[in-house]
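Engineer: When you get a sec, could you build the whole thing from the sequences and use the hints?
From first to last, the protein sequence lines are chains A and B.
Each residue of the first sequence is one higher than the last, beginning at 0 in numbering that gives the first Met the number 0.
Each residue of the second sequence is one higher than the last, beginning at 0 in numbering that gives the first Met the number 0.
Careful: at least some of the hints might be erroneous.
Said to hold, decoys possible - If the Cβ cut is set under 10 Å, some of the chain B residues that face chain A in the computed set are: (1) K82; (2) F125; (3) Q171; (4) K179.
To be verified - Per label pair, the in silico range of CB-to-CB distance: (5) R142(B) <-> D116(A): 13 to 21 Å; (6) R73(A) <-> E174(B): 53 to 61 Å; (7) T364(A) <-> P170(B): 54 to 62 Å; (8) S173(B) <-> R187(A): 18 to 26 Å; (9) S173(B) <-> D313(A): 19 to 27 Å; (10) G409(A) <-> S173(B): 55 to 63 Å; (11) G409(A) <-> E174(B): 52 to 60 Å; (12) E84(B) <-> R187(A): 57 to 65 Å; (13) A425(A) <-> W182(B): 39 to 47 Å; (14) A55(A) <-> A145(B): 12 to 20 Å; (15) S88(B) <-> D48(A): 34 to 42 Å.
Claimed, not checked - Which stretches of chain A does chain B cover? Using the computed rule of at least three CB atoms under 8 Å from a CB of chain B, they are: (16) 170-182; (17) 195-205.
These aren't lab readings, by the way, just hints derived from the structure by calculation.
All of these numbers come straight from a predicted model, not from anything done at the bench.
In this text, a Cβ means the ideal position worked out from N, Cα and C, and glycines have one as well.
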Amino acid sequence: MAKKFDLNDDTVAVVIGSGAGGGTLSNELAQKGINVVCLEAGKRYTTDDFVNDEWAAFLQTAWLDKRTTSGSWRVATDFPGLPSWIVKSVGGSTLHWAGASLRFQEHEFKVKTEYGDVAGASLLDWPISLKEMEPYYDKAEDKIGVTRTHGIPGLPGNNNFKVLYDGAQKMGYKDCHTGRMGINSMPRDGRNACLQLGFCFQGCKSGAKWSAGYSEIPKAEKTGNFELRTEAHVIQITHNKAGKIDGVVYVDKDGNQQKQKARIVAVAGNSIETPRLLLMSNTSMYPDGLSNSAGQVGKNYMRHLTASVYALMDKPVNMHRGTTMAGIITDESRNDPSRGFVGGYEMETLSLGLPFMAAFLVPGTTGYGPKMGKFLDNYDHMAGMWIVGEDMPQESNRVTLNTNEKDQNGMPVPNVHFDDHANDLAMRKHAFGKGTDVYKAAGALDVFETPPYPSTHNLGTCRMSEKARDGVCDKHGKSHDIANLFISDGSQFTTGAAENPTLTIVSLAIRQAEYIAKEMAKGTI
Amino acid sequence: MTNSNISRRSFLKKAGKTSGFVVLAGGVVQLTSFNAWAAKKSAIDNHVAKTMLLVGKDMFPGKRFSDDLYMIAVDSLDGKASKDESVKSALADGVAAFDKAAGGKYIDASSKKRMKVLKSMEGEGFFNTMRGEMVNVFFNNPRVWAVAGWEGASYDKGGYYLRGFQDADWPQPSEDASPKGWWE
Ligand SMILES: Cc1cc2nc3c(=O)[nH]c(=O)nc-3n(C[C@H](O)[C@H](O)[C@H](O)COP(=O)(O)OP(=O)(O)OC[C@H]3O[C@@H](n4cnc5c(N)ncnc54)[C@H](O)[C@@H]3O)c2cc1C
Ligand code: SF4
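Structural biologist: Structure, rendered in structure tokens:
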């Protein structure tokens, strides 16, 4: 039963964004009887709308609003207007996500303690521990239906996994399997089992993959406490004279500005839009933007190490058949500074279709030549993996407002500045070497070391910190400065860990909903 | 024939592998049945078209890609040139620049020389146009997918769980690492 709330209803919780963070938080709050208005800039698509076509799907749902880049990272050269691959649609980036759902390791919540001082890195311990997170990880895994947890079987490995596994065995790696995935290995929670379509990045047409868009939002709607407004692009969060948040201004689908009043506001626009919105909401009371008294909003942008290794094998592989991310080697994810860097990385199979492979195998103007021609010509002989590693937070890696450029609403566009840290470079080099070894062991004729794609994991720009001076929000995602303002997405991450972030984002949202409900009941917010 | 693009395309389809432009091993573009191209009202002239074909092929050489396939990129740009005079002149200028860099005709240069020309042109207008067309049009074409072995949309065929997602000739992983499917 979809509900409608009045624009002047100041008792509602407004959630900005309906992705992993916002979609989950909305549902969790609605389940607890709290009235929620979720404002989502994108449109709503169903599994029927998804298309098995890489470019068409990308153009259908990716966030293509104007953005700019700077810094020495290669993405700024190869994709200057597209720093990240995020989705603008109900469900956010969980429409395109691959489903890898890993818990952080214990030490990854306290890297400052564990790694010590790393020059140039703004490392900080999380204000929460793995122990505190465990019950929420547990709930999130159950919600998402993560394979190899809660008695859910692992997925069967596809061709790409067979090659990875063979290489892993020959390398002596101990922990290689089909991963913990937010993809149904059997029917569960009203969703189908995976049909091994191979179009996980385009929106799963069989609905086997968890997505906030069709897993969380419909459940929230059933409560009768929830309204979703699509094509509602928030451009400002407003406050009253006392400095407390009182609502948001958004542009609706007809281009008209609307003001929705609110009791609390939770921001979950992904790690570029969230700090951008806080910065754009500056007023005479908050001249540097909301929750920015420590000057931390937008800083410490992280994107995970990321790199890929694509191999040309001696026999046909047909890696595109079946799940995009079909398996993992976790042996390199430990912290072992003897390798020449702190932190670790995961190796996860990845397959792109031929259209994306041509664009991403070697991106930019150097992406051509005999070797590239040979790989693409022999696409069916290719195998591939993606490397996800912990990158170092740096204050200078940040999202700022580029006031020289305006978006379709006349608002300043976000600029994303990023330089790789020396630790990132050392880790990437190591990972390229190990990835190459895996494929050589499995019979590769040749490999490509593929540089990062536009960032799919965007993290850390409103980080949680124990002390207000070190971050933007506390351990519940509550703003250090404003009691009824919450950060509810990957922006909260104090550090990035080696694992794909979404399980942690969802766990934090479940935990935050519990906190908000409790505090609302107490009347503190 | 009233529509030159359609007629040329159907010609290429009928003509199959042996006609159209043939790029010989040495890289020289030879024309068999070239009259078919010349007879059409193409926006771009023969020399420009021939050079574009070879540039596309030099950028992404593949043993399984026939010259007819490389024509996909040439055709696509020809279509744009016929609608936009500035595209047409940019293509002609680009080819002229490539010829100049090759110290004669690009299509007559050795493959080593041609790779040097490409390298020197990285990031330039015509280079980017050709690379963009190859990446976005050539590699987004189902005829190219079929040859390279990408099978395209799979939902309408029920995915791959019954169609070879585990048929690669590598050892079957342990049951622990890769359990049987739910349908088994
Ligand atoms: C191709 C791909 C593969 C991935 N694979 C994995 C994986 O295997 N495992 C994993 O853990 N993670 C994966 N990710 C990352 C994962 O999708 C993200 O980490 C996660 O979705 C982020 O959650 P979020 O809530 O921060 O943002 P999102 O899920 O991106 O949601 C943000 C939402 O906010 C909306 N929004 C933004 N600004 C505004 C505004 N001003 N007003 C209104 N609405 C707004 C956006 O339209 C969007 O819907 C992948 C991502 C991609 C793109
Ligand atoms: S492979 Fe599985 S999860 Fe991926 S799109 Fe297909 S059915 Fe969905």
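Engineer: Determine for every hint whether it applies to the structure shown.
Structural biologist: Here is how each hint holds up against the structure:
| no. | hint | in the structure |
| --- | --- | --- |
| 1 | K82 | 21 Å, violated |
| 2 | F125 | 12 Å, violated |
| 3 | Q171 | 7 Å, holds |
| 4 | K179 | 6 Å, holds |
| 5 | R142(B) <-> D116(A): 13 to 21 Å | 57 Å, violated |
| 6 | R73(A) <-> E174(B): 53 to 61 Å | 41 Å, violated |
| 7 | T364(A) <-> P170(B): 54 to 62 Å | 40 Å, violated |
| 8 | S173(B) <-> R187(A): 18 to 26 Å | 24 Å, holds |
| 9 | S173(B) <-> D313(A): 19 to 27 Å | 23 Å, holds |
| 10 | G409(A) <-> S173(B): 55 to 63 Å | 58 Å, holds |
| 11 | G409(A) <-> E174(B): 52 to 60 Å | 59 Å, holds |
| 12 | E84(B) <-> R187(A): 57 to 65 Å | 59 Å, holds |
| 13 | A425(A) <-> W182(B): 39 to 47 Å | 45 Å, holds |
| 14 | A55(A) <-> A145(B): 12 to 20 Å | 18 Å, holds |
| 15 | S88(B) <-> D48(A): 34 to 42 Å | 41 Å, holds |
| 16 | 170-182 | holds (count 3) |
| 17 | 195-205 | holds (count 6) |
Hints 1, 2, 5, 6, 7, counting from the list given before, are not met by this structure.
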